[in-house]
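A.B. asks: These protein sequence lines map, in sequence, to chains L and H.
The first sequence maps to residues 309 to 430 in my numbering.
The second sequence maps to residues 32 to 136 in my numbering.
Treat the hints loosely; a few may be bogus.
Claimed, not checked - Under the rule of at most 25 Å between Cα atoms (straight-line distance), these lysine-lysine pairs were calculated in the DSS-like manner: (1) L:353 - H:132; (2) H:73 - L:353; (3) H:136 - H:73; (4) L:391 - L:374; (5) L:321 - L:353; (6) H:132 - L:391; (7) H:76 - L:353; (8) L:370 - L:353; (9) H:76 - L:370; (10) H:132 - H:70; (11) H:136 - L:353; (12) H:136 - L:370; (13) H:70 - H:81; (14) H:132 - H:73; (15) H:81 - L:370; (16) H:136 - H:81; (17) L:353 - H:70; (18) H:81 - H:132; (19) L:321 - L:374; (20) L:385 - L:321.
As the list claims (entries may be wrong) - The calculated label-pair distances, taken between Cβ atoms and stated as ranges, are: (21) L:365 - H:49: 45 to 51 Å; (22) H:105 - L:430: 29 to 35 Å; (23) L:412 - H:88: 33 to 39 Å; (24) L:394 - H:135: 38 to 44 Å; (25) L:380 - H:99: 34 to 40 Å; (26) H:136 - L:375: 21 to 27 Å; (27) H:34 - L:365: 28 to 34 Å.
Calculated directly from the structure, the hints in this document are not laboratory data.
Ideal placement from N, C-alpha and C gives every residue a C-beta, glycine not left out.
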Amino acid sequence: QLQLQESGPGLVKPSETLSLTCTVSGGFISSSTYYWAWIRQPPGKGLEWIGTISYSGNSYYKPSLKSRVTISVDTSKNQFSLKLRSVTAADTAAYYCARHVVCSGWPCHFDYWGQGTLVTVS
Amino acid sequence: DIQMTQSPSTLSASVGDRVTITCRASQSVSTWLAWYQQKPGKAPKLLIYKASSLESGVPSRFSGSGSGTEFTLTISSLQPDDFATYYCQQYNSYTFGGGTKVEIK
Chain L
309 QLQLQESGPG
319 LVKPSETLSL
329 TCTVSGGFIS
339 SSTYYWAWIR
349 QPPGKGLEWI
359 GTISYSGNSY
369 YKPSLKSRVT
379 ISVDTSKNQF
389 SLKLRSVTAA
399 DTAAYYCARH
409 VVCSGWPCHF
419 DYWGQGTLVT
429 VS
Chain H
32 DIQMTQSPST
42 LSASVGDRVT
52 ITCRASQSVS
62 TWLAWYQQKP
72 GKAPKLLIYK
82 ASSLESGVPS
92 RFSGSGSGTE
102 FTLTISSLQP
112 DDFATYYCQQ
122 YNSYTFGGGT
132 KVEIK
């Protein structure tokens, strides 16, 4: 059974960089059938896709976040990571990592999710 | 970005009711749409993908339909475990709808 687990600081100061890692177990991150994504959810609000990366390092980002976001992958550790720079209180959210299914060569829906980790910017 | 609008935002229903949630896209997304269920404090769970395909392990009382700009998620007979918030998501730029909370009437 595939499992994803987010890890990283739960508290980040304004203007600093939020860094999270997602560890994938029960499966290999090196697959052309799946990409890997970060999604966030501010408290009491809806879901927002942040970005997606393939095992080979091809990445896609939400345009409004692109200038502040970097997603990277480490296949040797079966992990992928998120860095969000210059954070503000508006970046306070539960951050989820997820497996992004590839449909006809394009990432489509998210079929496995981590449990999420709350990051507070304060 | 393609905008996704869900209605209603809140729905009150009883066990056994047939429930329908609508998701509208600001431009055509063909059948590239998924539905998720989320319970408080938990990660979303995939229910439906490609507008009408049922994810493995999801009860058959859940169904999805639609194409282009209008989609529906139907729960044929609401069960106690179904009280949750439901989100649609399109595959073009991965935007989610605002969510529909299904409450106990």
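A.B. asks: Each of the hints needs a verdict: does it hold here or not?
C.D. replies: Hint check:
| no. | hint | verdict |
| --- | --- | --- |
| 1 | L:353 - H:132 | 12 Å, holds |
| 2 | H:73 - L:353 | 14 Å, holds |
| 3 | H:136 - H:73 | 23 Å, holds |
| 4 | L:391 - L:374 | 11 Å, holds |
| 5 | L:321 - L:353 | 22 Å, holds |
| 6 | H:132 - L:391 | 31 Å, violated |
| 7 | H:76 - L:353 | 17 Å, holds |
| 8 | L:370 - L:353 | 18 Å, holds |
| 9 | H:76 - L:370 | 22 Å, holds |
| 10 | H:132 - H:70 | 10 Å, holds |
| 11 | H:136 - L:353 | 23 Å, holds |
| 12 | H:136 - L:370 | 38 Å, violated |
| 13 | H:70 - H:81 | 22 Å, holds |
| 14 | H:132 - H:73 | 14 Å, holds |
| 15 | H:81 - L:370 | 21 Å, holds |
| 16 | H:136 - H:81 | 31 Å, violated |
| 17 | L:353 - H:70 | 13 Å, holds |
| 18 | H:81 - H:132 | 22 Å, holds |
| 19 | L:321 - L:374 | 20 Å, holds |
| 20 | L:385 - L:321 | 28 Å, violated |
| 21 | L:365 - H:49: 45 to 51 Å | 46 Å, holds |
| 22 | H:105 - L:430: 29 to 35 Å | 42 Å, violated |
| 23 | L:412 - H:88: 33 to 39 Å | 23 Å, violated |
| 24 | L:394 - H:135: 38 to 44 Å | 43 Å, holds |
| 25 | L:380 - H:99: 34 to 40 Å | 37 Å, holds |
| 26 | H:136 - L:375: 21 to 27 Å | 46 Å, violated |
| 27 | H:34 - L:365: 28 to 34 Å | 30 Å, holds |
Going through the hint list in order, the structure does not satisfy hints 6, 12, 16, 20, 22, 23 and 26.
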